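Trainee: Below are the chains, spelled out letter by letter.
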Amino acid sequence: MNLSRRDFVTKMGMGMGALGLGTLAHAESSSPLAARAPHFAPKAKRVIHFFLNGGPSHVDTFDPKPMLAKYAGQPLPGEYLRTERKTGAAFPSPFQFKKYGQSGLEISDLFAKTAAHADGIAVVRSMYAQVPNHEPSLMLMNCGDSVQARPSFGAWTLYGLGTENQNLPGFVAMCPGGMPIKDSENWQAGFLPGAFQGTFVDPQNREVQKLIENIRSPHASAAIQRRQLDLLRTLNAEYQRTHTDPRLEARVQSFELAFRMQMEASDAFDISREPAGIRAMYGDHVHGRQTLIARRLLERGVRFVQLWHGAGQPWDHHDNIEGNIRKHSADIDGPIAALMTDLKQRGMFDDTLILWGGEFGRTPTVELGDKGKSKLGRDHNHYGFSVWLAGGGVKGGTVYGATDEFGFKAIEKRASVHDLHATMLHLLGFDHERLTYRHAGRDFRLTDVSGDVMREIIA
Amino acid sequence: MSFDLIGLPPTEREVEQFVAVRNSESSAAITPLIDQMLANPRYGERWGRHWLDVARYSDTKGYAYGREERRFVHAPAYRDWVLGAFNRDMPYDRFLLLQMAADQLVPADSPDLAAMGFITGGRRFIGVTHDIIDDRIDVVTRGTMGLTVACARCHDHKYDPIPTEDYYSLYGVFHGSDDRLVPLAKMDDAELKKRQLKLADTMQKRRDEAAARLRTRVGDYLAAQFELKKYPEEGFDQILSADDLIPGSVRRWRDWLHTAKDSAHPIFAPWYALAALAESEFSAAASNEIARVIIRPNLNPIVAAAFATPPTSPAELARRYGQIFVEAEKQTNAPGATELHAFLRTANSPAVVPDTGIVNNDQFFPFAAIEELWKLQGDVERRLIDLGTPAALMLTERAPEPNPRVFKRGSPSRLGDEVPRQFIEAISGEKREPFQKGSGRLELARAIASPANPLTARVIVNRIWQHHFGTGLVKTPSDFGLRAERPSHPELLDWLARRFIADGWSVKAMHRLILSSAVYQQAGGTSVSERDPENRLLARFPIQRLEFEQLRDAMLAVTGELDLTTTGKSAGVLDSGNKRRTVFAYVDRQFLPGVLRTFDFANPDTHVAVRHETTVPQQALFFLNGAFSADRVRALAAKLPGGDDKARVVQLHQSLFQRRPSDAELAAAQAFIATANAEAEPVPQFRKTQWLYGTGEYDAATKRLKSFTALPHFTGSAWQGASAWPGSKTGWAQLTADGGHPGNTRAYASVRRWTAAGDAIADITGTLKHEPEQGDGVRGFIVHSRLGELKVASVHQASAVMAVTGLEIKAGDVLDFIVDIGGTLGYDQFLWAPIIKTRDATWNALVEFGGRASHTPHLTPWEQYAQVLLLSNEFAFLD
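Protein chains in written order, with the working numbering: chain A, 1 to 459; chain B, 1 to 879.
Keep in mind the hints are simulated off the structure, nothing from the lab.
These figures come from a predicted structure and were not determined experimentally.
All the pointers check out, no bait thrown in.
Below, in silico cross-link-like pairs of lysine to any residue (SDA-like), each with a Cα-Cα straight-line distance of 20 Å or less:
(1) B/Lys569 x B/Glu69
(2) A/Lys210 x B/Ser723
(3) B/Lys230 x A/Glu84
(4) B/Lys158 x A/His439
(5) A/Lys375 x A/Gln74
(6) A/Lys375 x A/Asp319
(7) A/Lys210 x B/Ala627
(8) A/Lys210 x B/Phe849
(9) B/Lys158 x A/Arg442
(10) A/Lys210 x B/Glu848
(11) B/Lys230 x A/Glu79
(12) B/Lys229 x A/Glu84
(13) A/Lys86 x B/Lys230
(14) A/Lys373 x B/Asp243
(15) A/Lys210 x B/Gly594
(16) B/Lys158 x A/Glu433
(17) B/Lys198 x B/Asn361
(18) B/Lys194 x B/Glu372
(19) B/Lys229 x A/Leu81
(20) A/Lys210 x B/Thr736
(21) B/Lys729 x B/Ser570
(22) B/Lys408 x A/Val449
(23) A/Lys113 x A/Ser103
(24) B/Lys230 x A/Tyr80
(25) A/Lys210 x B/Leu846
(26) B/Lys475 x A/His439
So that you can see chain A by itself, here it is in the shape it has in the complex (with noise of 0.2 Å):
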């Protein structure tokens, strides 16, 4: 900082010329949505993202600890780490894990049919966030910042890559029954253009019209509306023969547009379309639905879809864990390996990144309630966590980095949320430094200012 007061004060608001909006220059008057090729050849061109929120326990899931039935019942040696609660001794899984497929890929029996994919899954077991606080936690998963009001993950890869169909929202999150903690704030646009914010759609609700706004017509029928936009484009054109700008043609084409979406959306979004045997195998129950309205949405183009597992937060399994996390795995096991297993008859899964996580781990440790007594239920743990992902580009059979011996604090290969995200931004395409956007007089990116890809799962 080797400017003088004088030599700022004299140029400042004068700049000192434009240096570029970084690579992606955007007339948003045109269309913010139009799809964009990213800085390199892609491996995954669309992403689903399973979101258990709350915080599911990885020593109960995916990152097996023998260590804690040694230690069961007793303090855990070492530093206690604290965490929001008070936590007492170690609490080994009662849950069974198996070796499967040809990886040997270690997974629990809560997972028993996701498992018959383990060959394409790459968990990551070293994952670490800030603060034992699902709040914040949730920021930094979907939005990179556990505190300012950023663009979320799908924001940015609308922003980046815009979408393939002009007549779905390009970004979709789905919550049965409500939302998630921190509402709408998870898929929020931020500082990018309102058109990147992700599009919430309730599962539960069956009829088209509840799903999208404005998206059916109360006062006119389809053949009323293209005689109306029939009329409506002889009055622009003529008004565009003495007015020149870009942006009456682009308003032009968003009624065509609008007009085609009607259509679409409500076939998107009806699964009665499905063949029977294909609605089984996902379950008919919200859990099967939303995953396979997510498919049939991926398959049409839309860029980026979420699916939460419910209001609130459902994974927050502060007590009686046994029985809470056998029910919510047993939600999702199925609808997860038929969205595998039809991705890949549809020949979708290798350009389809899946994302499985939650906003930060459980403690290999028991909670304490009132006097000390145990809650038989595990604490909030950012200290370590893990993720997993698939298709899209991802090496499978993989397991990168690793807990200490009980699954407490993540020691080998430490993943910060921010190298998860740049790992997903390299796999559709972008170097997560370049991918950037000027707010506030700064160049803003999801990474904010670290970020390592995770080469070695990377297929």
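Chain A is already provided as a structure; the job is to place chain B on it using the hints.
Mentor: Then chain B, alone, in the frame of chain A:
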């Protein structure tokens, strides 16, 4: 110009005046027209909104815990203050001063206190102080000076000379103030008084209890001073039991010890002498140090006695102080005890909880008290909102406050150097002096709202220019930093800024100057210069797309429906009854209505300098399919004269475009109407609905409903009192297809009403079901308007069959299906969808449930035509 200055299309008379001016070919002739528009109160509603973008205006706090009321009480009053300030042409320097420091500039009952909503209207970040302050620093520095200081929270600014120290100097300014909610009107409301009293009493009680605990644990709090790392700055402290040390009090002790530091302190001289010693040298050095302080004549005798022998460790030092205070509390007559007693009870003592309200002092309470106090605070706030009380969320000075310390890399657990509260060096120069008075907030405000500040005037002049021409002279109006693009006309910007200050910071004078210029009065058009494709040099007047507010307001204006009520409560932007200007729409930053997001409304989370401008099909869907658009075209068509097609087309063009249609447009219109008439599909005939949804009170004496009031708001899946649920009046009352929820008291039972269209014999079937285990259930009734009560049941986690057979009904008879609360409110949701059958027909409450939408007839050909004109580019763009 009308859209530009007042945000509404011109009236016919204004168009005539304008044409007359243009024909006179004298540029001065426009002056009266400009003055007329600037004097119109609609002006503030347009230009005030530009400032609300800067001020990240919202009616809600953002994500909040369930215990807290999530709406702001003060937001509407701040919005109205801004609009009024623009209308009155309040000098801009005064405008800024009041928004930052009205508490120190105007009397305690002044309506100008509302101005501080500028600072206090940001997200609440679930109470995390650092984030709240960061938001405030950002809105002030970018909003007033186009300076991005918030980057320096974690590291020195990358491009501009803003070091981290300057960020924390400003941090200290804002940390030095508490938020205080003050009603700006005297409310004579017994319920409000009751709730305020309850809150005050409980707060007093909880503070007293907390203080009593703090007094017995001085030793523990002092011991905690040796391990402050465990108590990072206001993080996510969660205190579950009253036995835990309160981190807020640990820090309060820390700050008190820091600010009161005095080696001759009558009570804490031994502490100051010993606490700084390292543990390893403690026992060796303590006796020398203690010998020096023990002889001080002003040392409290109890303290002196306790330190007759030196302590052997820091822990021992803390423990002795603990004993000193515990003893003094017991033996109040001992010499020196009064002093110790008083110390623990002064307002600034670290052993008391400051009397600042739960929003600022919740960190000092255990969990249960926090929940309780927030709930009571919420009760007061809800009442104030219901009463529509104008209120200010003002800042008040906090004392005593230590100087801020830098958080290394933005982390509160890594404290760096102490810095004074002072202005930004890059602006004030090296010779700056630390602020002298209190938090320094007024001094900060004066340094900003000063002619000597090289940025403030330029930034606002550039904003004014931006809104007149679509783009500022500096394209990044809130970033005047070194990385900003060079202004298109630097000398012009400087000249305008000087004129602005010379004209007494008058915004209206600046409008007059710009509007009477040749560049503003030139025509728009088609010629695109190859040398200036972006038209930065303004060789022609740029075409502008209407913003959402202008569009919605214009749609209401051209139908003659616009409600010009000013000030007061916000209303849902698409509520069917809301025909007020869009600036008065409810802005919920946590659940921003889709339509606002779709139309690039300013993101209320953060300061917005330039709105995005996107074109997406969701905007088209709003125009094509939305109820708001359909309602407007129906209103337009309803005003059309009878008979002559041509006259109708002319009238529509006049009211929408302020011009006559061309011959081609006329022909196209007539052809459209003819085809639409010829090809009209048989309109699906909806049976006139038999069902109504409302609230009322069941009268046990007459066994009839006392009154019936329709629920006005349909969400798409439920009928309720307002878009917000619970509604302010009807509470939780709600009806859905398969059930609902009664209102909060028996005066607001939920009532599903069916009216007979003819005579018949009917059977009623259905089951009333209440599922939750908690609460005390609900009561259900079927009441006939002539025959009285037909069926009654009380259910709690149970079902009751609600069936009647062979009921004789006559045309006009009314059947009410009533549910009210069992006794107390809570867990009262129920399931009940009755079916009424006659020999010829069935009415099924579940199947036929719906809002207006399900009964909407198709638009008529003229309505369809009017809609096309509303969709046109000519309506959405300005030239």
